[in-house]
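Read top to bottom, the protein sequences are chains A and B.
Residues in the first sequence are numbered consecutively from 6, following my numbering.
Residues in the second sequence are numbered consecutively from 57, following my numbering.
Simulated from the structure, these hints should not be mistaken for laboratory data.
We put the CB at the ideal spot given by N, CA and C, even for glycine.
Be aware that a few hints might be false.
DEER-style ranges, computed between Cβ atoms [claimed, not checked]:
hint: 1; chain 1: B; residue 1: 156; chain 2: A; residue 2: 374; range: 45 to 53 Å
hint: 2; chain 1: B; residue 1: 189; chain 2: A; residue 2: 496; range: 44 to 52 Å
hint: 3; chain 1: B; residue 1: 126; chain 2: A; residue 2: 734; range: 31 to 39 Å
hint: 4; chain 1: A; residue 1: 576; chain 2: B; residue 2: 156; range: 15 to 23 Å
hint: 5; chain 1: A; residue 1: 444; chain 2: B; residue 2: 156; range: 43 to 51 Å
hint: 6; chain 1: A; residue 1: 483; chain 2: B; residue 2: 182; range: 53 to 61 Å
hint: 7; chain 1: A; residue 1: 647; chain 2: B; residue 2: 189; range: 48 to 56 Å
hint: 8; chain 1: B; residue 1: 126; chain 2: A; residue 2: 697; range: 31 to 39 Å
hint: 9; chain 1: A; residue 1: 496; chain 2: B; residue 2: 200; range: 50 to 58 Å
hint: 10; chain 1: A; residue 1: 569; chain 2: B; residue 2: 200; range: 47 to 55 Å
hint: 11; chain 1: A; residue 1: 497; chain 2: B; residue 2: 160; range: 17 to 25 Å
hint: 12; chain 1: B; residue 1: 182; chain 2: A; residue 2: 556; range: 18 to 26 Å
hint: 13; chain 1: B; residue 1: 182; chain 2: A; residue 2: 746; range: 42 to 50 Å
hint: 14; chain 1: B; residue 1: 107; chain 2: A; residue 2: 484; range: 52 to 60 Å
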Amino acid sequence: MTREDKALAKRDDVLARAKSARRGSPPGRITLDAVEHAGTAAASRFSFVASIASGDQRAWEARYGALVLATGQITWTATGDGADGDGQDWCLFTGQAPEAAGAWGWLEALHPDDRARAASAWGDALATRSIYEIDYRVRRHDGEYRWLLVRGVPVLEADGSVREWVGTATDISERKRVEDALRASETQLATELADMRRLEHISGQLIQGGNLDALYTQILDAAIAVMRSDMGSMQMLYPDKNALRLLAWKGFDPASAAFWEWVHVESGSTCGVALATGARVLAPDVETCDFMAGTDDLDFYRLSGIRAVQSTPLVSRGGRLVGMISTHWRESHQPAERDLRLLDVLARQAADLIERRQAEEASAHLAAIVASTSDAIASKTLDGIITSWNASAERMFGYTAQEIIGQSVLLLIPPDRHSEEDRILARLRAGKPIEHYETVRVTKDGRPLDVSLTVSPVRDSAGAIIGASKILRDITERKRAEEALRASELALQEANRHKDKFLGIASHELRTPLTSAKANIQIVARRLAGAIAASDGDAAALLAQLRPLQRLLERSEGALDRLGRLVDDLLDISRIQAGKLELRPEHVDLVTIVREAVEEETAAWPDRDVRLEGLAELGGEALSSGDARAPGTVLEVEADPDRVRQVVINYLSNALKYAPPDRPIAVRVETREGEGVARVAVRDEGPGLTPDQQAHLFERFYRAEGISHLQGSGIGLGLGLSICREIVERHGGAVGVESVPGDGATFWFTLPLAAGGDPGVEGERQGAERL
Amino acid sequence: MTERARESGAGPVRWVCVVDDDEGIRDTLRYLLEDAGYAVEEAAGGGAALRLLDDTPLPRVMLLDRMMPRVDGVAVLRALAERPEIARRTAILFMTARSDPPDAEMARVIAASTIGTVAKPFDLDALLAAVERASRLLAARIAAE
Chain A
6 MTREDKALAK RDDVLARAKS ARRGSPPGRI TLDAVEHAGT AAASRFSFVA
56 SIASGDQRAW EARYGALVLA TGQITWTATG DGADGDGQDW CLFTGQAPEA
106 AGAWGWLEAL HPDDRARAAS AWGDALATRS IYEIDYRVRR HDGEYRWLLV
156 RGVPVLEADG SVREWVGTAT DISERKRVED ALRASETQLA TELADMRRLE
206 HISGQLIQGG NLDALYTQIL DAAIAVMRSD MGSMQMLYPD KNALRLLAWK
256 GFDPASAAFW EWVHVESGST CGVALATGAR VLAPDVETCD FMAGTDDLDF
306 YRLSGIRAVQ STPLVSRGGR LVGMISTHWR ESHQPAERDL RLLDVLARQA
356 ADLIERRQAE EASAHLAAIV ASTSDAIASK TLDGIITSWN ASAERMFGYT
406 AQEIIGQSVL LLIPPDRHSE EDRILARLRA GKPIEHYETV RVTKDGRPLD
456 VSLTVSPVRD SAGAIIGASK ILRDITERKR AEEALRASEL ALQEANRHKD
506 KFLGIASHEL RTPLTSAKAN IQIVARRLAG AIAASDGDAA ALLAQLRPLQ
556 RLLERSEGAL DRLGRLVDDL LDISRIQAGK LELRPEHVDL VTIVREAVEE
606 ETAAWPDRDV RLEGLAELGG EALSSGDARA PGTVLEVEAD PDRVRQVVIN
656 YLSNALKYAP PDRPIAVRVE TREGEGVARV AVRDEGPGLT PDQQAHLFER
706 FYRAEGISHL QGSGIGLGLG LSICREIVER HGGAVGVESV PGDGATFWFT
756 LPLAAGGDPG VEGERQGAER L
Chain B
57 MTERARESGA GPVRWVCVVD DDEGIRDTLR YLLEDAGYAV EEAAGGGAAL
107 RLLDDTPLPR VMLLDRMMPR VDGVAVLRAL AERPEIARRT AILFMTARSD
157 PPDAEMARVI AASTIGTVAK PFDLDALLAA VERASRLLAA RIAAE
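Go ahead and model the full structure; you've got the sequences and the hints to work with.
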């Protein structure tokens with residue numbers, strides 16, 4: 006029977022019943038009429054009805070009523086305007102009185118929630134004369150609400166008006182129940198599907214990596230969703246502390262979150278107990294949970310409005326407890342088994358995540374060390390092929406990681422040290438330790454690099470040595486510092502040696518005149534005593550005894566003068582060292598100073614040929630030591646005249662001391678126009694100086710070795726020239742020596758020319774020079 | 057050198073050679089030693105001293121200054137170490153005004169070749185006592201041969 010056949014049969018049935026109702030036939034007749042028009046397939050049901058139709062009317066009615074109730078099949082008719090009709094089945098089913106069910110009275114039997122919808126649908130059907138179909142709940146006569154599917158069809162007159170309505174009402178409560186159950190199970194399925202999708206999503210996220218904190222939140226959200234809880238938290242185990250640290254939480258009062266930042270085994274919380282036992286802990290009601298009673302934890306549960314809680318350990322695939330996931334409810338709650346099973350899936354993923362985080366933290370820590378250290382860190386295979394190369398290695402050697410990885414480590418080793426690498430690799434393969442050592446490596450641009458090298462074997466998970474890691478520290482700077490230190494130690498030793506030698510010489514120089522003066526005075530004293538005793542009042546004899554003493558005393562005076570000059574030099578040097586050498590500059594004539602100094606110094610050496618030169622260009626007349634008072638030559642400088650005189654005397658006395666007595670010494674005074682300076686030079690024809698001697702001559706304590714000097718003059722302290730340099734440089738001038746060994750030496754100094762009364766006027770100064 | 061000194065040649069050695077580059081020191085020592093009855097020779101440097109010892113083979117006490125230009129006192133000692141026949145008749149008193157000690161090798165040479173060191177500035181009586189002692193030691197050494 007096709008659907009159209011069914012529909013046709015149904016329509017015929019309805020039409021037939023409508024006819025009989027119109028004729029006012031009893032319900033039984035309708036039914037029999039319907040049988041007559043029904044298809045053969047429907048015959049069996051109605052044959053039962055037909056069979057009872059022959060019995061007595063009352064019994065039939067009772068049976069019919071039972072049938073209506075049992076099958077829930079109700080037929081009804083209504084007038085075209087719906088105001089009246091036959092509702093006998095309805096009244097049987099609902100227990101409504103026929104008069105109460107008339108017009109809109111049938112609405113009273115409906116569930117109050119469905120009445121408006123039913124009235125509206127019936128009203129629409131009446132108005133549009135279209136098929137009426139609706140389901141609603143109807144209170145059965147026993148008070149139970151049953152779902153009825155009600156259908157009505159308008160029977161039209163030829164003019165299109167509705168003659169009447171005929172319809173059925175079918176009890177579909179059972180179907181509704183099944184449908185509801187189905188819907189509920191579909192909803193649950195959808196929920197589970199959503200949960201699974203959530204898990205799947207999290208798995209994907211875990212595989213992809215990404216922000217770990219975001220993943221914690223996602224896992225936590227998923228746990229809260231899966232467990233239908235109000236709050237949740239996730240913790241990581243720190244095994245060294247045997248405590249759980251809060252990674253993420255949701256819904257807590259911040260004070261509770263702070264309280265649970267660290268949870269230890271002795272805690273009164275579910276997670277603490279779960280940490281202690283290693284198993285899931287449920288607290289369906291915190292108020293009745295015995296292990297929470299009286300604990301601070303209970304107070305913080307209450308603070309966050311938590312009534313129920315569960316904590317599930319997060320166990321890694323290796324069986325290690327790595328953390329805890331907890332969910333919390335505001336109302337007492339016993340989690341369902343299904344929810345807990347899903348949570349376990351989630352927990353496994355959370356455990357993976359935490360384990361990964363721990364591994365990442367550890368490797369990130371190591372990676373950070375490798376990346377940030379100033380040491381070059383590289384690894385190589387047992388064949389010496391470089392496999393890793395950090396940033397410092399790039400900096401140190403100039404090769405980028407890309408360039409060097411895959412290359413032989415020999416690239417970094419100077420050719421003459423290649424055998425070193427062979428030894429290292431051989432020791433590595435043999436599993437022998439390699440002591441930290443210092444060696445040389447070579448950079449990309451061929452520069453040798455002093456390095457300190459540490460080599461450690463790299464093993465695979467089975468413990469086999471598969472390569473080596475090398476840490477190279479650039480010790481070039483250290484080496485340089487060590488060398489600088491050695492050099493400064495040598496310089497210090499040298500300085501000490503000079504100083505010791507200086508002290509030795511100084512003591513010789515100081516004690517020699519002292520010895521001479523002291524001995525002379527002792528002798529004079531003895532002779533005086535002897536002469537006075539021997540003269541016996543003879544004045545002439547006494548005078549003859551005393552006369553030789555005069556020479557001894559003169560010699561003593563000379564020795565003490567020498568001593569005095571040495572002491573002056575020592576005082577000058579100590580003033581210079583203390584930065585207290587005082588100058589008293591005045592506007593003075595350099596020519597006069599030089600002339601007077603030459604006169605003073607040469608007075609003690611009347612036999613020597615000392616010439617004063619160079620003033621001819623300025624003043625006309627050539628001068629010599631014998632003609633030092635030549636007038637009219639002036640060279641103005643701003644200088645301390647005593648100190649400048651000291652310099653001239655020093656230069657000159659050196660020349661007198663070291664040059665052959667029969668050779669002339671020239672003192673030349675001149676100006677250097679371009680430089681704005683006056684220059685004084687003392688030239689001797691002595692043995693001259695080597696370039697090394699020239700370089701050091703003006704240094705303190707320096708003494709040119711192997712230079713002979715005039716006997717009896719003393720060799721001095723070796724301070725004179727360094728004092729001269731200090732004096733001249735303090736005046737803004739310079740000192741120097743020009744010499745060719747074997748051909749004499751010229752010691753010179755310069756002083757800035759004074760700018761006259763008005764320092765800014767160049768012409769005046771030049772004018773002064775022309776005088 | 058005076059006649060008086062020459063005549064007193066017997067007994068303790070009366071010849072003293074003063075070697076010092078400082079003329080004042082030489083003068084002073086001459087006065088002192090001549091007053092004490094010695095015959096005094098002077099040398100202004102190490103070279104002159106060695107020539108004197110060579111030219112005039114006499115037993116003598118030598119006052120030898122350590123620090124002199126060119127051939128210094130130590131160089132003289134080294135030269136004499138090669139000339140045992142001269143060294144045997146020469147008693148050397150070393151004179152020094154330096155505060156720094158000689159290095160080990162120099163110290164060994166000084167110890168081996170001299171009979172004493174006189175530090176400057178010296179006390180006349182101490183110096184005379186040292187010369188006197190050197191003179192007797194040399195005389196004893198010569199007498200023993």
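To see whether the hints hold, each was checked on the structure:
no. : hint                           : in the structure
1   : 156(B) with 374(A): 45 to 53 Å : 57 Å, violated
2   : 189(B) with 496(A): 44 to 52 Å : 46 Å, holds
3   : 126(B) with 734(A): 31 to 39 Å : 34 Å, holds
4   : 576(A) with 156(B): 15 to 23 Å : 22 Å, holds
5   : 444(A) with 156(B): 43 to 51 Å : 45 Å, holds
6   : 483(A) with 182(B): 53 to 61 Å : 58 Å, holds
7   : 647(A) with 189(B): 48 to 56 Å : 50 Å, holds
8   : 126(B) with 697(A): 31 to 39 Å : 21 Å, violated
9   : 496(A) with 200(B): 50 to 58 Å : 54 Å, holds
10  : 569(A) with 200(B): 47 to 55 Å : 50 Å, holds
11  : 497(A) with 160(B): 17 to 25 Å : 22 Å, holds
12  : 182(B) with 556(A): 18 to 26 Å : 24 Å, holds
13  : 182(B) with 746(A): 42 to 50 Å : 45 Å, holds
14  : 107(B) with 484(A): 52 to 60 Å : 56 Å, holds
Going through the hint list in order, the structure does not satisfy hints 1, 8.
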